[in-house]
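Participant: Using the hints provided, position chain B relative to the given structure of chain A.
Chains as they are written, first to last, in this note's numbering: chain A, 1 to 220; chain B, 1 to 220.
Honestly, the hints are just simulated from the structure, not real lab data. Check the hints yourself; a few may be wrong.
Which copy is meant is left open, because identical chains are indistinguishable; a pair holds if it fits in one copy or across any two.
Stated by the list, open to error - List of simulated lysine-lysine pairs, BS3-like, C-alpha gap at most 27 angstroms:
{"#": "1", "residue 1": "Lys168", "residue 2": "Lys210"}
{"#": "2", "residue 1": "Lys106", "residue 2": "Lys24"}
{"#": "3", "residue 1": "Lys150", "residue 2": "Lys217"}
{"#": "4", "residue 1": "Lys24", "residue 2": "Lys43"}
{"#": "5", "residue 1": "Lys168", "residue 2": "Lys217"}
{"#": "6", "residue 1": "Lys150", "residue 2": "Lys168"}
{"#": "7", "residue 1": "Lys93", "residue 2": "Lys210"}
Chain residues, written in single-letter form:
Protein chains: 2
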Amino acid sequence: MKASTNMQIGVFGTGMVGEAIADKLVSLGHEVKMGSRTANNEKAAAWVKSAGARASQGTFADAASFGEILFNCTGGGVSLQVLEQAGDGLRGKVLVDLANPLDFSKGRPPRLSVSNDDSLGEQIQRAHPDVKVVKTLNTVNCDVMVNPAKVSGDHTMFLCGNDEGAKKQVLEILTEWFGWRDVIDLGDITAARALESMLHVWLRLMGALKTVHFNVKVVR
Amino acid sequence: MKASTNMQIGVFGTGMVGEAIADKLVSLGHEVKMGSRTANNEKAAAWVKSAGARASQGTFADAASFGEILFNCTGGGVSLQVLEQAGDGLRGKVLVDLANPLDFSKGRPPRLSVSNDDSLGEQIQRAHPDVKVVKTLNTVNCDVMVNPAKVSGDHTMFLCGNDEGAKKQVLEILTEWFGWRDVIDLGDITAARALESMLHVWLRLMGALKTVHFNVKVVR
Numbered sequence: 001m002k003a004s005t006n007m008q009i010g011v012f013g014t015g016m017v018g019e020a021i022a023d024k025l026v027s028l029g030h031e032v033k034m035g036s037r038t039a040n041n042e043k044a045a046a047w048v049k050s051a052g053a054r055a056s057q058g059t060f061a062d063a064a065s066f067g068e069i070l071f072n073c074t075g076g077g078v079s080l081q082v083l084e085q086a087g088d089g090l091r092g093k094v095l096v097d098l099a100n101p102l103d104f105s106k107g108r109p110p111r112l113s114v115s116n117d118d119s120l121g122e123q124i125q126r127a128h129p130d131v132k133v134v135k136t137l138n139t140v141n142c143d144v145m146v147n148p149a150k151v152s153g154d155h156t157m158f159l160c161g162n163d164e165g166a167k168k169q170v171l172e173i174l175t176e177w178f179g180w181r182d183v184i185d186l187g188d189i190t191a192a193r194a195l196e197s198m199l200h201v202w203l204r205l206m207g208a209l210k211t212v213h214f215n216v217k218v219v220r
Numbered sequence: 001m002k003a004s005t006n007m008q009i010g011v012f013g014t015g016m017v018g019e020a021i022a023d024k025l026v027s028l029g030h031e032v033k034m035g036s037r038t039a040n041n042e043k044a045a046a047w048v049k050s051a052g053a054r055a056s057q058g059t060f061a062d063a064a065s066f067g068e069i070l071f072n073c074t075g076g077g078v079s080l081q082v083l084e085q086a087g088d089g090l091r092g093k094v095l096v097d098l099a100n101p102l103d104f105s106k107g108r109p110p111r112l113s114v115s116n117d118d119s120l121g122e123q124i125q126r127a128h129p130d131v132k133v134v135k136t137l138n139t140v141n142c143d144v145m146v147n148p149a150k151v152s153g154d155h156t157m158f159l160c161g162n163d164e165g166a167k168k169q170v171l172e173i174l175t176e177w178f179g180w181r182d183v184i185d186l187g188d189i190t191a192a193r194a195l196e197s198m199l200h201v202w203l204r205l206m207g208a209l210k211t212v213h214f215n216v217k218v219v220r
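Next comes chain A alone, as it looks inside the complex:
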């Protein structure tokens, strides 16, 4: 699965994260279907228009069926519902989960709607036991996800998941497609608790540093 290989990829979500991921994948030569609640979503249509011939749109189920690999770029608050709508197209596939279970209902900075003993990554894995969920990329801003050089110097990306083969594939996507140089495997999907809880410090750092273009390097 090299960057030169033309793949079909499904991206769930039409927000900033979905657009950043979808744009990057199209620019690498892949065919991308952006999934949303309705097949004629306006944001997805605008994206298809700007992204060109390799871009298409459809429902979550359309994107799931289309993709050989799938990216969950929806808000954490709706991810479980979205993936339920995606349906049978998910089966057996690698799902890269970028979502954070942010809950703004009690003000800012947001709390997490699930944390400590559980995580959204685990909830998704439990709801779809035959999907190979790999949690990654949720710890940086979307510009940095697909362009680590946006933050100068060396810095670290994390991943976790239960399926070793799926993690190897996602590691290749991170390094060969997106340009990450330092990726640490934190173990099985329960480590999504760690990745998602990093949002607490990420949000405080955003406040302290007045930028979203930062990351952490694990120095060892």
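Facilitator: Chain B only, in chain A's frame:
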């Protein structure tokens, strides 16, 4: 408050963290009283014997009264109880809180007994409104706390708290006494949620890296 100034400091806790902090402070020329539940605690007695003339021991209340600055190096599960025992000696003082609310009752890696919407740092501040609580150092192993050079290269320490003067004092301790070069102020004591939640990723990293001598550098 320069490293050359001789101060009286109270350290709560006789474990690895308490000993590392107390040793460092004595080596810098300060007088340190290690506090524990009983005035004749064996671990504290052994420490006093090895640490020499500037070292003493006593109850938590003795250490609180003795110290111009106080370090909470107790386990997060007992910190509130310890500080209640410390009593009036705490009043008006700077309390450097290093504790993590780790709960091993459901197995390893531990969960946090308080997280997300609240933190141990905040619980301590609420229980002792006239104490100037500054949360810091809880995100690294105790060897690294007092000797950042234990991890090669540049890396980051965080602090937070409600009192600006207290944070300035603790920043001096971190930089001039302990040798930290990059310290980020994450805001008021509610940011203790962020600092304590970093334990989730710290514990997973310990598992992945097979060492406790690592830290993160915030790259920006």
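Participant: Give a verdict on every hint.
Facilitator: Tested hints:
1. Lys168 to Lys210: The answer is between: 21 angstroms across copies meets 27 angstroms, while 35 angstroms in one copy does not.
2. Lys106 to Lys24: Neither way: Lys106 and Lys24 sit 34 angstroms apart in one copy and 42 angstroms across, limit 27 angstroms.
3. Lys150 to Lys217: both (14 angstroms within a copy, 16 angstroms between copies)
4. Lys24 to Lys43: Cα proximity of Lys24 and Lys43: one copy only (17 angstroms, versus 58 angstroms across).
5. Lys168 to Lys217: This pair counts as both: shortest intra-copy Cα distance 21 angstroms, inter-copy 26 angstroms.
6. Lys150 to Lys168: The answer is within: 24 angstroms in one copy meets 27 angstroms, while 32 angstroms across copies does not.
7. Lys93 to Lys210: neither (38 angstroms within a copy, 31 angstroms between copies)
When held up to the earlier numbered hints, the structure conflicts with 2, 7 and fits the remainder.
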